[in-house]
Every structure is written in structure tokens, then in C-alpha cells.
Amino acid sequence: MEENAKTIESPPGSEAKSGFGEAVSNFFKKDLVQYIIKRLLMFIPTLILISILVFFVIQLPPGDYVSSEIAALATEGELVDADYAAQLRADYGLDLPLWKQYVKWVKDIIWTPTNSAYFRLYNSHHNWKYSFAYKRDVWSVIKDRLGLTIGVTFIIMLFQYVVSLPIAVYASTHQYSVGDYISSIIGFLGTAIPNFILAIVLMYLSYKWTGNANVGLFSQEMLQNGVHLYNFGEFLKRMTIPIIVIGTSGTCGIIRSVRAQMLDEVARQYTLTARAKGVSEGKIIMKYCFRAAMNPTVSGLGGVLSSLFSGSTVTAMVLNMQIQGPVLYKALQNQDMYLAGAIVMIQAVLVVIGILLSDIALAFLDPRIRYSGGGR
Amino acid sequence: MAKIKSKEDYYLASQWTLMLRKLRKHQLARVSLLVLLVLYLMALFADFLGPYGLDEFDGLYRNSSPTKVHTTFNGERVGLHVYKLTKSINRETFEVSLVEDTSEYYKIKWFVHGTEYKILGLIPADLHLFGVSDTGSNGGTGAKIYLFGADSLGRDIFSRVLLGARISLTIPFASAIISFFLGIAIGSISGYFGGITDIIIQRIIEVIGAVPQIPLWMALSAAIPPGISTIKMYFYMTLILSFINWTGMARTVRGKFLSLKNEDYVMAARLSGVSTWKIIWKHLVPGFMSYLIVSMTLGIPGSIVGETSMSYLGLGIKSPATSWGVLLQEASSVTDVASHPHKLIPIIFVTITVLAFNFLGDGLRDAADPYK
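One line per chain: the protein sequences are U and L, in this order. Numbering follows our numbering, with no gaps: position 270 of the first sequence is 270. Numbering follows our numbering, with no gaps: position 88 of the second sequence is 88.
The following block holds chain U by itself, in its conformation from the complex (with noise of 0.2 Å):
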């Protein structure tokens, strides 16, 4: 990555001066500063946009929690009388206009600490960040596995990068060869079987041939002694349907754009005056092709990202993964519209900050992008 700080469409001979010490310097330019400072700020209101889009949908369901608690109090036997009913929502605070409700809601979520006393002691469930269905606070349920959530999508995206940025330097090199009719064939497929459907017949084929469906991330050893050294090769085996799965539509994705964009850059002018020059065919491809190349590839990784969270949410329930997806489906199912609220928008946020990673990353691969400002 020394030479980033060059412009990526700069001739071939001009390369020969630049090297991390320029990178360096170059990242600390003040357009650079700039751009990154504009792109932090425009970070809040998008922030601010999640949140009352996520507002939304955990106040869509009919009725609220204070009429879901009557029915289950109803269930219990206990008759509960309309006035009683009007002080829960005045406590809960739903009796409130809509944007006080925002405002509550963006508070509690925020800003109320776990274990205060305010939490524990005097409203563990007025609060609205509390779990009906685990009863404890969101965030503490989030949090159990977020890190294998992360976790999960970092490896399979590591996958997705190691296995189709070759690829596609191939495909592209050697174009209309066999092998590179077959990737495309793959592609193709990759991005049209439903993930979850691959998730079954995979599961399927793995018990049919090895009597084991690797169903779920852990075994029960593991689940008891937590996984160590000796047992990783098991961890990895069981890896490996997820990071088919999940990883494989994102793969071709990835090849098909990548394989396109070497298409063109071969075709440019500067790389018959490098091949002219008498360049290794090796150095234009890798230097000057495939750097080029990478520019809307680094672009696409918040989109990857989001397509990442979306495609390990139905597989992780199918393959009974224990990353956030089910417990989403759970928090969905029993109308638990709080958790769902808080898992959808930290993979939002998730999303927008690998957006925000990726513009910066452009923007310092690219100078181009600081200039005109926008970049997206």
C-alpha cells in the first residue's frame, strides 16, 4: 500500500519518487483533513435519519407495549381496569406526542446507564430500551454477541476479498478462456440461489456425505470448555457452510464488477504505452490495472457490508448460528419491538461507518474525490 498517495491515473513513469514518506505526508494534506472532518459531520444527521427511520418501524406494529402487557396480565388471570391501563401509558410515556415519544426513546437508548439505580431499582421496564423478552436491558442482550457478530462478517468478508480479487484478475486476463466462463457460470449462480436456500442443501449435501449437518457455529464441547487451540480445526470446519453461504453472492458480486472494471482499465491508453515501454505484463496488470481496478471495489464495501449483515441473518437462522440474526427473528416474532429496533440500527450504523471507512479510504487512495467534494 506505499505508493496510495499517487493519483492512480498518473503515467507510468512518474511512480518512481513516491513512497510511504509521501503517503504519510499526503494524508495529512488539508484537503484530506477537510474532506474527513465533512464526512464525520455528515455522519450525525445520517445517524439522526437511522434512527427515526428505526422510530418508525418499532411503532408500527398494532397497539403498544401497554396493551401487549394487558394481555399477558389477562392471560395470568388479572382483570386490569382502563384506568389503570391510562397510568401505565402515562408512565411508559406513551400517552406523549409522537416526537416527545422520539425524544424518550433516542434518551433512554442513549444515555440511561445499565446499572444505575435508575435502571435497576425504580423502572426496569418503563424504560425503552428493556427487553420484554429476555426482561434485562437491550443493549446487554446486543452485546452477548455482537463480537461473533463482527467477528462472523469480518472473516467471511476477508473470504469474499482473498478468494474473488484472484479471480477476477484472472477472468479478466485470460477473458473468454475456460476458466473464465466457468467463474462466470459460478457468479452467476452464486447471486442467484436465495441464501438460505443454499444454506439447506449444503447442510443437506454435508449430512449425506459426512453423517454430521454442522449445524451451528459451536459444539457442545465448545459451548462447554469455550474454544481453544485444539479445538479451532472444529470452529473453522463449522465455519465453512456460513462462509459459503453468506460469502459466495458477495463473492461474484465482487468478481463481476472487479472483472469488468480490468476489462476496461486494460483497455486504456496508458497500458499500451506501458507495454510499449516494455513493462512485465505482471507490473502493468498488478500496478497500474488492477490499483485502478480496486477504486469502485473499495467504494462497494459498505454496500458488501450491508449485504453481509443481511445475507447472515436468514442463513444464521437456518444454520442456527449464535450471531444477531435469530435473535432478531426471536425479537420480531414476540413483538419485542424494542431489541429488534436496537439490532436494526446498529447494523445500520455498522454499515454506515464502513461506508464512512471506505469513503476515507477512497478519498485517500483517490485524490480526485476530496476535490469534487462529494465522492458518493
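Simulated from the structure, these hints should not be mistaken for laboratory data. Every residue gets a Cβ at the ideal spot worked out from N, C-alpha and C, and that includes glycine. Some hints here could point you the wrong way.
Okay, the calculated beta carbon distance ranges per label pair [what the hints assert, rightly or not]:
| id | chain 1 | residue 1 | chain 2 | residue 2 | range |
| --- | --- | --- | --- | --- | --- |
| 1 | L | P341 | U | F43 | 48 to 54 Å |
| 2 | U | L205 | L | G59 | 27 to 33 Å |
| 3 | L | D126 | U | P97 | 55 to 61 Å |
| 4 | L | H70 | U | F235 | 46 to 52 Å |
| 5 | L | P225 | U | L94 | 32 to 38 Å |
| 6 | L | F173 | U | F43 | 32 to 38 Å |
| 7 | U | S140 | L | S319 | 34 to 40 Å |
| 8 | L | M267 | U | R275 | 43 to 49 Å |
| 9 | L | F173 | U | N320 | 31 to 37 Å |
| 10 | L | P341 | U | F235 | 42 to 48 Å |
| 11 | L | L120 | U | F235 | 52 to 58 Å |
Since the structure of chain U is already known, use the hints to place chain L on it.
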């Protein structure tokens, strides 16, 4: 002379004629179009093509694998026929399995009268393309023909795949059309007016795009009140899918507007006093309609997968109505799939449809590209 004529045709041909011509040359797209046509026709005439109705079941046939069709009975050719299934108990394991009762055969008949239905929801009819005769060669009754096997309630998966196609194939299409118009309207407002309107709309698009799709779908579907009619459910699903999908279209439209709105012909129209909406719809939108149709086609597969996943998770269409996702619910655990692999058959239909839409979209994209 012919050559000149064809050249003249080429230069005078409208954008659509050119697109059509290029599309015709794209083999894969042509085949895909044909496949999609067949699928949609199958969905339209599902009642006629499938031998059984939505509510028909047979407890005996629960989870039975696809019915085998035979041609010879005791070495004699008697035409296409099936055997009735009977329960047989393994004396050692006491496992109950279904085996064919080969003592008598039931002929397969064409154009039989069966469950009543309405053609296009209007004309009452009871004709089905095929079915088995009510009585067997020895006077027995009760044979069924389940080409794709039966589900856990003993319903015909073949008929249900066809009936389910109605929902699985039309919801994505309807939502694509809604998001098409929504996207054009909002995208054109954003691109044409610019300024603060543009900034707000762009942020909203960014946010909807940033929220991972399936979790958002799930959250929205969970918000659909339970116990509503199938038609309302259908309506809600369409709405949810369009709510999520319009953003891509709006982004494309906006980009096109930004590049076109300063063209001379737009300025000329404005100076002649043409109204804003007329400029948008008459002068700007037709200029990039082909691109929009391409991106609409490429957006449909995603919606199909979305609808299927939602129904599969039980957050979409619910029994007794059916869609491909509902049918796949039966294949949700390894034990189900391992003992009844035929329940994976609906997967083939989902995959074929998604592939066909992808290929068609790719073909359209190539055809719409003026540089090739």
C-alpha cells in the same frame, strides 16, 4: 439495394427498435424471456395445469415422495398409469412406510373434471389438464398423482408450486413497477430541483440504503397485523418491497437528471414556457427510459429472493395461501430434507426464475448500451 435499405433502416430506427434488435441477438436473454413467459403462463393457468386445488389433501399421502408413473402393468402395455399407495410396516423396526399397491392400476386421464376454480377469477370451470381416474382397474378408489410428492399434510406440491407462483412471481413484479414510478418521481424531483430538496432526499436514500435489507424487511413484515386476509397481506408485502427498492431507481434517475438538465433542449423547452412536470415526463424521462427498464429488471430478482425469504421465515404470506417461500418452510430442518428430499423441488423454480431475470436484465443492459 437491400444493403442500402437495411442501412437506412438502421439509421432511422428508433432507440426501442435498436434495443429490440440487439436483444434478439442475445441468445441467453431470448431463452430467459421464453422461460419467464412460460413461468408466468403457468402461474396464470395454475388451476388448470395442476390436478388439485389449494385446499385438497389426503392424509394417507403425507410426506409421500413423487408418484411414479408407469406404462406397463404385469408386462402388458396399458398406457400411463399410477398405483395407489398403502402403508406397510417393517416387522423389525415397526417403521411405517408408503409402498405402491401394484394389485390394480389407475389410468392417467387428460382433461378431467376436478376441483372447481375460476379462470382469471371470473369464469367458473372445473377442467384440469390431467388427473387419475377415480376408479382403478379392480374397482378400488383413492389413488392420487403427486408429481412432486406431498407435503406434511398430504397436499400436492406440484399444484402448490404452480399456485404459489402466482404470489411469488407477481409480488416482486408489482413492487418493481411501484418502485419504478416512485423512483422516477422522487429521483426527478431530487435531480431537477437540486438544492436543499436534493440534499434531504439524498440523505433519506442513503439511510434506507444503509440499513441492511433483510433485517429491515423482517422488521417491517413483523409490523403487519396478524390474521389479515391474503389479499391484504399481498398488498402489504408489495408495499414493503417497493418501500425498500425505490431508492436505487431514484439514485439512477437523479444522476441522469443532473447530467441532462442543463442540455440545450431542456433550456429551450423551459424558455418556451413548458411546465416543469411536462419537461420531466415528456423530454427528460424518455431519454433514459431504457436504462430505467434495465435497472428495474435487474431489481426484480432481489425482490423474489426477499419475498421467498420472508414467507420462508413465516413473516410473509401464510398458509392456507401459498408461495414458494411457504412451500420451502417444509424443508427448514436437516431431518426434513434428509428424509424427504423432494421438498427441495420449489428451490429449482426459485433459482430458474431468478437466473432468468438476471440474464434478461443483462441482455437488456447490453442492448441499451449505445456504445456496443
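Whether the CB-CB distance between L120/L and F235/U falls inside 52 to 58 Å: About 55 Å separates the Cβ atoms of L120/L and F235/U, which means 52 to 58 Å holds.
Hint says 31 to 37 Å; check whether the CB-CB distance for F173/L and N320/U agrees. Once the Cβ atoms are compared, 33 Å apart, the range 31 to 37 Å for N320/U and F173/L holds.
For the pair H70/L and F235/U, does the Cβ-Cβ distance stay inside 46 to 52 Å? Distance hint for H70/L, F235/U holds at roughly 50 Å.
L205/U paired with G59/L, Cβ distance criterion 27 to 33 Å: Cβ of L205/U to Cβ of G59/L: about 31 Å, so the range 27 to 33 Å holds.
Cβ separation of P225/L and L94/U, checked against the hinted range 32 to 38 Å: Violated, since P225/L and L94/U (Cβ atoms, about 18 Å apart) do not stay within the stated range.
Note whether the CB distance of P341/L and F235/U lies within 42 to 48 Å or breaks it. For P341/L and F235/U the Cβ distance comes to about 29 Å; the hint is violated.
That 34 to 40 Å hint for S140/U and S319/L (C-beta), does it hold up? holds, 36 Å
Can you tell me whether the CB distance of M267/L to R275/U sits inside 43 to 49 Å? This hint holds: roughly 45 Å between Cβ atoms.
Has the hinted range 55 to 61 Å been met by the Cβ atoms of D126/L and P97/U? holds, 57 Å
Confirm or reject the claim that F173/L and F43/U have a C-beta distance inside 32 to 38 Å. holds, 37 Å
Holds or violated: 48 to 54 Å for the Cβ distance of P341/L and F43/U? holds, 49 Å
Comparing the model with each numbered hint stated earlier shows that hints 5, 10 do not hold.
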